[in-house]
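S.K.: Spelled out, the chains give:
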Amino acid sequence: MANRGEIACRILRAVREEGALGIAVYSDADRGALHVSLADEAHRIGPAPVAGSYLDPAAILEACRRSRAELLHPGYGFFAENADFAEAVERAGLIWVGPPADVIRTMGDKLAARRAIEGTGVPLVPGSGALPADPEVAHAHALELGYPVLVKAAFGGGGRGMRRCADRAGLVAALDLARQEAGRAFGDATIYLEKLIPRPRHIEIQILADRHGNVIHLGERECSIQRRHQKLLEESPTPAPFPGLRERMGEAALAIARRVGYVNAGTIEFLVDAEGRFHFLEMNTRLQVEHPVTERVVSFDMVHRQLRIAMGEPLDRRQEDIRWRGHAIECRINAEDPEHGFVPSTGRIAALHLPEGPGVRNDVGIMVGSEVTAHYDPLLGKLIVWAENREEAIARALRALREYRIAGVKTNLPFHRWLLTHPRFARGETDTGFLEEEYRPDEVARDREEVTAIVAAAWTAYRAAPARTGPRPAGGTSAWRQSGRPGTASGGGGWR
Amino acid sequence: MALSGGWREYLAVVGDRQRLVRIEPEGDDLRLRIDGEEFVVGCETAAGGELCLLLNGRPQVLHVRTDSPGRYRVSLAGGETLVELRDPLAARLASAAPGATFRQAREIEIHAPMPGVVFAVHAREGDEVAEGTPLVVLEAMKMQNSLASPAAGIVRSVRVTPGQTVDGEALLVVIERLDVPGDAGAAPPEGGAG
Numbered sequence: 000m001a002n003r004g005e006i007a008c009r010i011l012r013a014v015r016e017e018g019a020l021g022i023a024v025y026s027d028a029d030r031g032a033l034h035v036s037l038a039d040e041a042h043r044i045g046p047a048p049v050a051g052s053y054l055d056p057a058a059i060l061e062a063c064r065r066s067r068a069e070l071l072h073p074g075y076g077f078f079a080e081n082a083d084f085a086e087a088v089e090r091a092g093l094i095w096v097g098p099p100a101d102v103i104r105t106m107g108d109k110l111a112a113r114r115a116i117e118g119t120g121v122p123l124v125p126g127s128g129a130l131p132a133d134p135e136v137a138h139a140h141a142l143e144l145g146y147p148v149l150v151k152a153a154f155g156g157g158g159r160g161m162r163r164c165a166d167r168a169g170l171v172a173a174l175d176l177a178r179q180e181a182g183r184a185f186g187d188a189t190i191y192l193e194k195l196i197p198r199p200r201h202i203e204i205q206i207l208a209d210r211h212g213n214v215i216h217l218g219e220r221e222c223s224i225q226r227r228h229q230k231l232l233e234e235s236p237t238p239a240p241f242p243g244l245r246e247r248m249g250e251a252a253l254a255i256a257r258r259v260g261y262v263n264a265g266t267i268e269f270l271v272d273a274e275g276r277f278h279f280l281e282m283n284t285r286l287q288v289e290h291p292v293t294e295r296v297v298s299f300d301m302v303h304r305q306l307r308i309a310m311g312e313p314l315d316r317r318q319e320d321i322r323w324r325g326h327a328i329e330c331r332i333n334a335e336d337p338e339h340g341f342v343p344s345t346g347r348i349a350a351l352h353l354p355e356g357p358g359v360r361n362d363v364g365i366m367v368g369s370e371v372t373a374h375y376d377p378l379l380g381k382l383i384v385w386a387e388n389r390e391e392a393i394a395r396a397l398r399a400l401r402e403y404r405i406a407g408v409k410t411n412l413p414f415h416r417w418l419l420t421h422p423r424f425a426r427g428e429t430d431t432g433f434l435e436e437e438y439r440p441d442e443v444a445r446d447r448e449e450v451t452a453i454v455a456a457a458w459t460a461y462r463a464a465p466a467r468t469g470p471r472p473a474g475g476t477s478a479w480r481q482s483g484r485p486g487t488a489s490g491g492g493g494w495r
Numbered sequence: 000m001a002l003s004g005g006w007r008e009y010l011a012v013v014g015d016r017q018r019l020v021r022i023e024p025e026g027d028d029l030r031l032r033i034d035g036e037e038f039v040v041g042c043e044t045a046a047g048g049e050l051c052l053l054l055n056g057r058p059q060v061l062h063v064r065t066d067s068p069g070r071y072r073v074s075l076a077g078g079e080t081l082v083e084l085r086d087p088l089a090a091r092l093a094s095a096a097p098g099a100t101f102r103q104a105r106e107i108e109i110h111a112p113m114p115g116v117v118f119a120v121h122a123r124e125g126d127e128v129a130e131g132t133p134l135v136v137l138e139a140m141k142m143q144n145s146l147a148s149p150a151a152g153i154v155r156s157v158r159v160t161p162g163q164t165v166d167g168e169a170l171l172v173v174i175e176r177l178d179v180p181g182d183a184g185a186a187p188p189e190g191g192a193g
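Chains as they are written, first to last, in numbering that gives the first Met the number 0: chain A, 0 to 495; chain B, 0 to 193.
Since the hints were derived computationally from the structure, they do not count as laboratory data. Treat the hints with caution; some may be incorrect.
Selected chain A positions facing chain B (in silico; Cβ < 8 angstroms) [what the hints assert, rightly or not]:
#, residue
1, Pro343
2, Ala349
3, Thr431
Glycine is no exception: its CB is placed at the ideal position from the N, C-alpha and C atoms.
Model the full structure from these sequences, guided by the hints.
M.R.: The following block contains the structure:
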C-alpha cells in the first residue's frame, strides 16, 4: 500500500478482508499513524517530506523488495497517475493495481486524451490543439471557439496552469504565464484552449473494467461543490433534473473505456451545461477519493474488485446486474479553517469522536495523538451517509456532522453544516460556481461558539482555582467598582 | 460535587475582542455572566479534557486544552477557539491613563497560521496597506495561502524573506493600524515628549 492517510486505511482493510497480508509504508512523520496500525507489516521509507518518502520511487520499490510484496496499490495522489512508476513496479515483478501504463500516459496528457476519444461520438469541450508561440494564432482559435476561453496545461490538474480569458488582451497576457506555470508545475509547458462552459455541473461516471474485455459503469457522482477546483462534497445520484443523463453519460463512459483499452477502476469527468448537454473533461486513471458514494448506492465494494481485477479475475457483475438504490453524500473533513479562507490547520489530534448510527460510514486516517503536519494534504477523513432519498440523506449528514467532534486542529465541519442547510443546495441547484457565489462564514453561529468557548474556558479556570476572594459583593458589582466606592457595597442599590 | 468558593471575574480575550466574565457558584452549578448574558452551567462529565456541559439546560460537548497559563484552546463543533483569560484588574491597571477604558492595540502582529515555507512577501516596510491587502504568501500542505492585512495600516516591520521555513505562529509582519485613534495625550513611551 504505497500511500498514507484514510485511503491507505481503506485499502489495507480490503486487503485483509481478501485474506491477504497488508503491507504499509510510512515516513518518519507517520511512524504512529493509523494506517500503520492496520497493516500486517510496515516499512519505513524515509523522512517526512514527500520527495524523500511517499514520492521516492526507489524507497517504495525497496520496501516492496524487502517485504516480498506481490501487488502494489497506489491509492490516489502521489504515484497513482504516474505511468513511469507503474512501469517500474511491473518491471520489479509486482502487479500494479491500476490501468496499464500506456493508458495512464495517454489520459494524463489532455490533448492526447482528446485525440484518443475523437471518433467515439462522445462530445468534447470545444478546444484547440497545442498552441504555438504566436499569440495571434491563439487569438484566432479563441475567436473560432468564442470568448470567454480557458487556457489549460496539457499535463495540468487540480486547476493549476489554468486561466480564464474574456478577450484578446486577457488571452495575450495569460499565455506566457500559463506556459511558465505549467512548465514549473508539470515539467511540460504545452498549453491549449478550451471554450468556457458557463456555470457547469461537474458530474463524473465511475467505471470498472477487467482484463477480459468486460466494462461496466456504476453511475454518476455529482461533484460541483468545489473550492478552487478541490471537491468538498460529492453525492450520488446527481440532483440535476435531466432525464436519461445517467444512461447517456454511462454509454459515453463505456465507449471511452473501450476505446483506450481501460482496465481496473477509473472515472470519466464531464461538464454538464445548464441545458443538460455533457462534455468530456478528463479521465482519472485511479480510485477516487469519493468512491464510497458509489459503493453505497450500488451496494458493492470497489476496492475488492480492484484487487481481483489486478489478479486477472473477470468482473463478477454485468451491467444489467447494477441497481442503484437511495442517495449517498460524502463530506470531506479537512484540517482547515473555513472562517479564514480555508487555510490549512496543523496540530496534534487531542480528541476524536466519530458519528455513528444508521446509514453512517466514516473513512478516516487519524486517531487521537496523530500529528497533522504541513507535509501532507489536509484530508482527515470522509463522512459518508446513505438514506432512501436526497432529503433524508441531507438530514442524516447534518445529524452526523453535529455528532462529529475533533479537537486539536480546526476543521471544515462548520462549512459542511452551513452547506447542508443552504436552501439552494437543498434544491439541488449546484454548479462549480456555487461556493464562490454563496459562501460567507456564518458570523452568528461563530459568535455563539465563541461565547460557548468562553464559558468552557471560564468553567475550567474556575474549577482549577475557585476560591480567591472573600464573600461575594452584593448587587453584582465588580471588584473594581467595589474597591473604588466602598461605601455602596453593602446595599448595592446605588448601582441600579 | 458542590462547588465552594467565591465569585471571580475574568477578562476573556478572543481574537481582538474582549468580554468581561463573572462567575460564581450556584448550588452544584455555576452562574456565568458574559456581557450581560447569563448562563447557568452544569457539568455532566469531565474526563481527559473532554467536557459535557449543560448550558442553560442545553448539552454541549467540548474539549478544553491549556497550553500555557491563562490560554485555553476550546474545540467545539469542529472549530477551535483560543480563549485567553486575564485578570480584569491587572488589565485595567496596565492600560495607560487612569480612567481609560480598554483600548484596541494599535499594532497588529501577523503570525503564520501554520508551519510552512514563505512563498512570496508582498509587504514592504513603510507600505500603506488596506484591509485585505495581501502581505505574505505561505505554502503549506501543497497549497499557497495568501495572508492579508486584517486592517488598514502601515507596514512597520517585515520579519521573513521568500524561501524561509517558518513554524506555526511565527511572527511575519507587524502592521500599525490607522483605524484605531491614537490620542495625543497618550503617546507611546518611545515617541513621547522629550
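S.K.: Run every hint past the structure and note whether it holds.
M.R.: Each hint tested on the structure:
no.	hint	result
1	Pro343	holds (4 angstroms)
2	Ala349	holds (6 angstroms)
3	Thr431	violated (18 angstroms)
Of the numbered hints listed earlier, the single one contradicted by the structure is hint 3.
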